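Peer 1: Chain by chain, the residues run as shown.
2 protein chains.
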Amino acid sequence: MLRILVLGAAAGGGLPQWNCNAINSASFWRGDQPLQAATQCSIAVTADGSSWALVNASPDIRAQIIARRELHPRAPEEYGLRDSPVRSVLLTNGDIDHIAGLLTLRERHAFDLFATAEIHRVLSGNPIFNALDPELVKRRETAPNAPFEIVPDLQAELFPVPGKVPLFLEGDAVVTDLIGEQTVGVRLSAADRTVFFIPGCARLTAELRDKLQQGDVLFFDGTVFHDDEMQREGVGQKTGRRMGHMPMSGDDGSLQAFRDIDIGRKIYIHINNTNPVWRPHSPERQEAEAAGWEIAFDGMEITL
Amino acid sequence: MLRILVLGAAAGGGLPQWNCNAINSASFWRGDQPLQAATQCSIAVTADGSSWALVNASPDIRAQIIARRELHPRAPEEYGLRDSPVRSVLLTNGDIDHIAGLLTLRERHAFDLFATAEIHRVLSGNPIFNALDPELVKRRETAPNAPFEIVPDLQAELFPVPGKVPLFLEGDAVVTDLIGEQTVGVRLSAADRTVFFIPGCARLTAELRDKLQQGDVLFFDGTVFHDDEMQREGVGQKTGRRMGHMPMSGDDGSLQAFRDIDIGRKIYIHINNTNPVWRPHSPERQEAEAAGWEIAFDGMEITL
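Chains as they are written, first to last, in my numbering: chain F, 2 to 305; chain C, 2 to 305.
If several chains are the same, the list does not tell them apart, and a pair holds so long as it fits within one copy or across any two.
When the alpha-carbon atoms are kept at most 20 Å apart in a straight line, the in silico DMTMM-like pairs for lysine to aspartate or glutamate are as follows:
| no. | residue 1 | residue 2 |
| --- | --- | --- |
| 1 | Lys212 | Glu182 |
| 2 | Lys139 | Glu119 |
| 3 | Lys239 | Asp134 |
| 4 | Lys239 | Asp84 |
| 5 | Lys139 | Asp113 |
No lab work stands behind these hints, which were simulated from the structure alone. This structure is a prediction, so every number in the text was calculated from the model and none was measured.
Bound-form chain F, shown alone:
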C-alpha cells in the first residue's frame, strides 16, 4: 500500500491569505459563497497505515494534524502520554511555507528530519530550530538520487529540480532556476507503486520529464496559472518564474509540457491564493481539467 493524505494544497499564505483582498481571498472576507479554504502545502504518506512521514512542515501543521484522525496520538494505554504516528519529516526546500511548521513539532517527540545538506544549512543558520532537541530529532543529510526508507516499507528519493534559494536568503542577484540541492522533488515508492511530489519547479527539463514517466501519480507545482498572475491580480510585481515556479499556461507552461506524458494521475498542488483554478467554474480550471489535471484540496486522499 502507498497512501497519501493532502494536508494542505495551497502555496505560501494559504487560501485565504491574511492580508489579501484579491478575488479568491476576498470571497472569505465578504462571507458570501466563499471558496473551499486551503492550508499551506504539505502531504502525509504511509506504507503500513501506522507510521507516517510528512513531506514539508507548513506553518499550518498544528491545525492540519488536528484535522486528520490518522495523525493523532494513539491510545495512551498502549502508546503512552506522549505519542504521534509521525515518524519522519522530509523537506523539499527551505521556504517558510515548508519549514516553519517544524517549530510546532517541538515538545519532545522523536523523529527523523530528512533534507539535503543545503536545506539543512538553512535550518542550522537559524538557532530557533534548536527547539527541536537534537537528542530526539535526528537531522539526516540526504544526497540526491540515493533512495532511503522514510518510514517502514516506503522508499523516498530526492532529485534536484530547477528552483531558487528561499526569499529570506536572496541576495541582490538571484538565479531563479538553478539546479542543485536547494530545491528538490521526491520520488515515493512502496511495493510497485510510485508517486512523485514536486511542489516547486521553475522549469521542466527533458531529463526530469523522462523521469516522471514512471509515475502512478504526479503532484506538481501549481503555484500560478499565468506567469504574470500577481500583476494581473494587482497584488505584486513578481512573475511566477521570478518566484521559482513555472506557470501552468503558455508555451513553456506545465499544461503544455505534460500534454503527452504517460502518468496515471496528474495533480496540481502548492496552488497560490491568486490562482484562478481555485474557482470551480473558471475557464482556467476547465482548461486544466480538460488537459487531464486534478486540483488538489485539503483532505484529498489517495491509496494505491
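Given chain F, put chain C in place with the hints provided.
Peer 2: Chain C in isolation, oriented as in the chain F frame:
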C-alpha cells in the same frame, strides 16, 4: 475605548497539543466530549476599533486572524488589494509561541514591530525573520518604562518581569527568574482605562504587585496550576518555575499572591494544556474562580 480580543488563551503547544495524550488533550483524540479548543496565546487591542495591535504573534496567528472579522482585510474598493487592520505587533519575550507567527505576517504588509533590544536580538539572530521586509516592517526598540503609542490613542509601556531566555537559547546554566529585558509585561492604556498583560512571570515581586494595583483588568500567567504539574500528568520533568512560570497554587503561587489585590478583573491566560483549570468542573477551576479569577478562552472580548 479600550477593546481587547483574546485570539488565543493557551500556552505553547495549544489545546490540544499535537503529541500529547494527557487528560485534556486526550479528550480531543477520543472525540467524546472534548474540551473547548484553545490556540496559542495572543491578544489583539484597539482604541479606535479600526487600527489593531497584536500582543505576541503565535504560531496559530493565521487561523486566529481568519477567525476574527475585526482583523480581516477591509473593502478592497476603499483599502486596496493588500490590506490588514493590524498596524503593529508587540512581543513580550522571544519564546516560539510568541514569535513564530511573525513568519505568517510576511507578504508585504507594513507594520511596526515593538520589542526590547534583547528580544529584537533573538529575531536578528535568525535570518528567517528577514522574511519580514525591513522596508515595510519597522523593528522598533522599546525601552522598559517608556510609554509609546502602539496604535492611535492607545499607549503601551513595557516593564521587566522575572523570567528566562527562550528554551532554544538556554545554555547549561539557566536563571529562571531573571529580571531584565528578556521577559516583559505590558501596560495598555486608553483614556482612563488600564489593562495589564503578563503571559509569563516567574515570581511576583512587591514592586510588580504594587504596580498592578492600578489596573482595570489583569491578564496573568496561568501556565500551570501545580508547580509539579508536568510530573503529575506524566508528560515531563520540568516544574513550572523551571519553565519561567509561577504556578497558580501554593504559598507563593499567584492565587495567594493576588488574594487581596485591588484589580477590576483578574484573568488567567497562557494556560498550558496540562492545566486542570481547562476542565469546567475541576476542583482547581473552582478554586481559581472562588478566588475571583476568570479563565481566558479563544474568542473572549473585553471592552472598557
